[in-house]
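Novice: Read off the chains here:
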Amino acid sequence: MADTILAVTGLTVSFDGFKAVDDLNLSIDKDELRVVIGPNGAGKTTLLDMICGKTKPSAGRIEFKNADLTKLSEYEITRAGVGRKFQTPSVYDDLTVLENLEISYPKHRGVFGSLFFRRTREIGDKIRAVAQDIYLQDELETKAGILSHGQKQWLEIGMLLMQDPELMLLDEPVAGMSARERDLTADLLARISKGRSIVLIEHDMEFVRKIAHRVTVLHQGKVLSEGSMDQVQKDARVIEVYLGM
Amino acid sequence: MRWLSKGELFGYLSLAALLFLVFPLTLDPFRLNLISKYLCFALVGVGIVLAWGYGGILSLGQGIFFGTGGYLMAMFLKLEASGKELPDFMVWSSTETLPWWWEPFHNFFFTILSILVIPALFAFVLSYLVFKKRVGGVYFAIVTLALALTLTVLLVGQQGYTGGANGITDFRSVMGWDITSDESKRVLYFIHVVLLFAVMGIGAYIIKSRLGKILIAIRDREDRVRFSGYDTAMFKAFAFTVGALFAALGGAMYSLQVGLITPTLVGAVASIEMIIYVAVGGRLSIVGAVYGALLVGFAKSMFSENFPTLWLFFFGGLFIFVVVFMPNGLAGVLDRFSARKKGQRESGLNAVPERTKA
Ligand SMILES: Nc1ncnc2c1ncn2[C@@H]1O[C@H](COP(=O)(O)OP(=O)(O)O)[C@@H](O)[C@H]1O
Ligand SMILES: [Mg+2]
Numbered sequence: 022m023a024d025t026i027l028a029v030t031g032l033t034v035s036f037d038g039f040k041a042v043d044d045l046n047l048s049i050d051k052d053e054l055r056v057v058i059g060p061n062g063a064g065k066t067t068l069l070d071m072i073c074g075k076t077k078p079s080a081g082r083i084e085f086k087n088a089d090l091t092k093l094s095e096y097e098i099t100r101a102g103v104g105r106k107f108q109t110p111s112v113y114d115d116l117t118v119l120e121n122l123e124i125s126y127p128k129h130r131g132v133f134g135s136l137f138f139r140r141t142r143e144i145g146d147k148i149r150a151v152a153q154d155i156y157l158q159d160e161l162e163t164k165a166g167i168l169s170h171g172q173k174q175w176l177e178i179g180m181l182l183m184q185d186p187e188l189m190l191l192d193e194p195v196a197g198m199s200a201r202e203r204d205l206t207a208d209l210l211a212r213i214s215k216g217r218s219i220v221l222i223e224h225d226m227e228f229v230r231k232i233a234h235r236v237t238v239l240h241q242g243k244v245l246s247e248g249s250m251d252q253v254q255k256d257a258r259v260i261e262v263y264l265g266m
Numbered sequence: 002m003r004w005l006s007k008g009e010l011f012g013y014l015s016l017a018a019l020l021f022l023v024f025p026l027t028l029d030p031f032r033l034n035l036i037s038k039y040l041c042f043a044l045v046g047v048g049i050v051l052a053w054g055y056g057g058i059l060s061l062g063q064g065i066f067f068g069t070g071g072y073l074m075a076m077f078l079k080l081e082a083s084g085k086e087l088p089d090f091m092v093w094s095s096t097e098t099l100p101w102w103w104e105p106f107h108n109f110f111f112t113i114l115s116i117l118v119i120p121a122l123f124a125f126v127l128s129y130l131v132f133k134k135r136v137g138g139v140y141f142a143i144v145t146l147a148l149a150l151t152l153t154v155l156l157v158g159q160q161g162y163t164g165g166a167n168g169i170t171d172f173r174s175v176m177g178w179d180i181t182s183d184e185s186k187r188v189l190y191f192i193h194v195v196l197l198f199a200v201m202g203i204g205a206y207i208i209k210s211r212l213g214k215i216l217i218a219i220r221d222r223e224d225r226v227r228f229s230g231y232d233t234a235m236f237k238a239f240a241f242t243v244g245a246l247f248a249a250l251g252g253a254m255y256s257l258q259v260g261l262i263t264p265t266l267v268g269a270v271a272s273i274e275m276i277i278y279v280a281v282g283g284r285l286s287i288v289g290a291v292y293g294a295l296l297v298g299f300a301k302s303m304f305s306e307n308f309p310t311l312w313l314f315f316f317g318g319l320f321i322f323v324v325v326f327m328p329n330g331l332a333g334v335l336d337r338f339s340a341r342k343k344g345q346r347e348s349g350l351n352a353v354p355e356r357t358k359a
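As given, the protein sequences belong to chains A and B, one line each in that order.
Numbers given in our numbering equal positions in the first sequence, counted from 1, plus 21.
Numbers given in our numbering equal positions in the second sequence, counted from 1, plus 1.
Each hint should be verified, as a subset may be incorrect.
Unchecked claim - In silico negatives: residues of chain B with every beta carbon more than 10 Å from chain A:
# : residue
1 : L117
2 : V126
3 : Y162
What the hints assert, rightly or not - In silico lysine to aspartate or glutamate, EDC-like type, Cα no more than 20 Å apart, as pairs:
# : chain 1 : residue 1 : chain 2 : residue 2
4 : A       : K75       : B       : E223
5 : A       : K231      : A       : E261
6 : A       : K75       : B       : D224
7 : A       : K51       : A       : D89
8 : B       : K134      : A       : E97
9 : A       : K75       : B       : D221
What the hints assert, rightly or not - Just some of the chain B residues that point at chain A, by a computed CB distance under 10 Å:
#  : residue
10 : F236
11 : F239
12 : L296
Quick caveat, the hints were computed from the structure, so don't treat them as lab data.
The beta carbon of each residue, even a glycine, is placed where N, CA and C say it ideally should be.
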């Protein structure tokens, strides 16, 4: 068995008695690209919210490299090496693309560190390399607020790349993208998945088939099925939930 | 990225010309002293630009810090003016001996240190605890407002220690140097202007630093900034603390130059006035805030001399006008104007929508 980087056990959260995620177990290997699918409201986003600290679980453990993430605050989880991209692109509209990337650089994150921060050649190079990766090399001085929807999605992925997390949580990164942008994003994901683990939520089955190693199907807060894309698609329970997949 | 935009450069240069040359050369001592008074609020304003304009932290209690700075300085000045005697207001309210916590204020350097440390420390502890609990926005504004009111009541109530509603006044000298003459007021004016530019420089540095960008990010999307790995409560507390420090400096200069500190300068109305100075000048512009303090201060003097009863109406109207029609104040209007002119030559893509969020 390969090294496990993330082990979720017995994870449960209820909102006013409604269990959005219910006694869920999930294990992600090092360097794995896992796709999580499931109908709307299955609890996919809530699962990522709990891993990255946005939502506190009611029960269960989330072990990441021997640390229990349920005990850490959001910024500590980020510093431990978990990066999160949100379902609606969340970038800093009033800052330029360059500034968005720069403040995601994972050093000098204290008050005085950032007060006396200088952009060294190394950091500048890294910013340019990431901008190239996310197809925004010509938009460095553009305010993020006026980027297109797809470009914002890329920028947010770029912000994660600056952080260089060992585990990336991507919530529907191709939502709202044109076909061409989707292809570019598939390329991008193929490139960035080397040397790190990714948990990706996606609806678009074409897209999933292109990139997934293994697929986990969530339904009503529980894991319904898990395996390769082909295995999962043959699973009778999945077919029942996803008529016509 | 350039250090200063053209508009900002013009703002700084014109301000330097006014404060270092035009005012000292043309105004009589009385008017120049009025300028000193307005500039005390300009110091507060620079801090409000940082905390509110950039950090998104609206404080309706900057008077707390202005007042603390002012009272700390006043304690020293009063002790020196009283010589071996007990300060007069203590005698009047039959306080028998000098309270122990007044004792250290015989020393000028201790006083300066306390002005630099006490308000800032209080601001930091208070704001970090509040921000850590994720109380923000309107609630924080209300907390600060309530504290300002509480402090006013305390100052008025403890007459024997604080001078009560009349405050503390009748200062004479600083370590033997007479501060009441026209000549020394002029010297103080120049010290003040230099201090103001230093504070503006520090503010500008913070805004241009990575920390400034993080503050903008926090203002617009605090949730997201945590996932970039920042302890946002600490950054907000820092911005608020710097704002408190600048306000305390303003208060200390006020006691020195106006020769009087009273509880009204601590209270809710004074605190809200400070916000209005910045709103008028432009909450995203340090120079704008200084101009705001000068202009509104000047307008206030004019009105109070000629139509004292109308002032508050004018003031309220001005505030509503600014909030509705110029969300980024005078500086915002100038920016838009220069962006439009530039747009005739270039493509005009610079137009970024103005934010109106508090
Ligand atoms: N903060 C919340 N409060 C109440 N209900 C929530 C909250 N967050 C999510 N839910 C509910 O939990 C369920 C799962 O939501 P979500 O994780 O967003 O689904 P998915 O991402 O799989 O579409 C939904 O029914 C949603 O309405
Ligand atoms: Mg979702």
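Novice: Need the list of violated hint numbers for this structure, in ascending order.
Specialist: When the structure is compared with the hints, numbers 5, 12 turn out to be violated.
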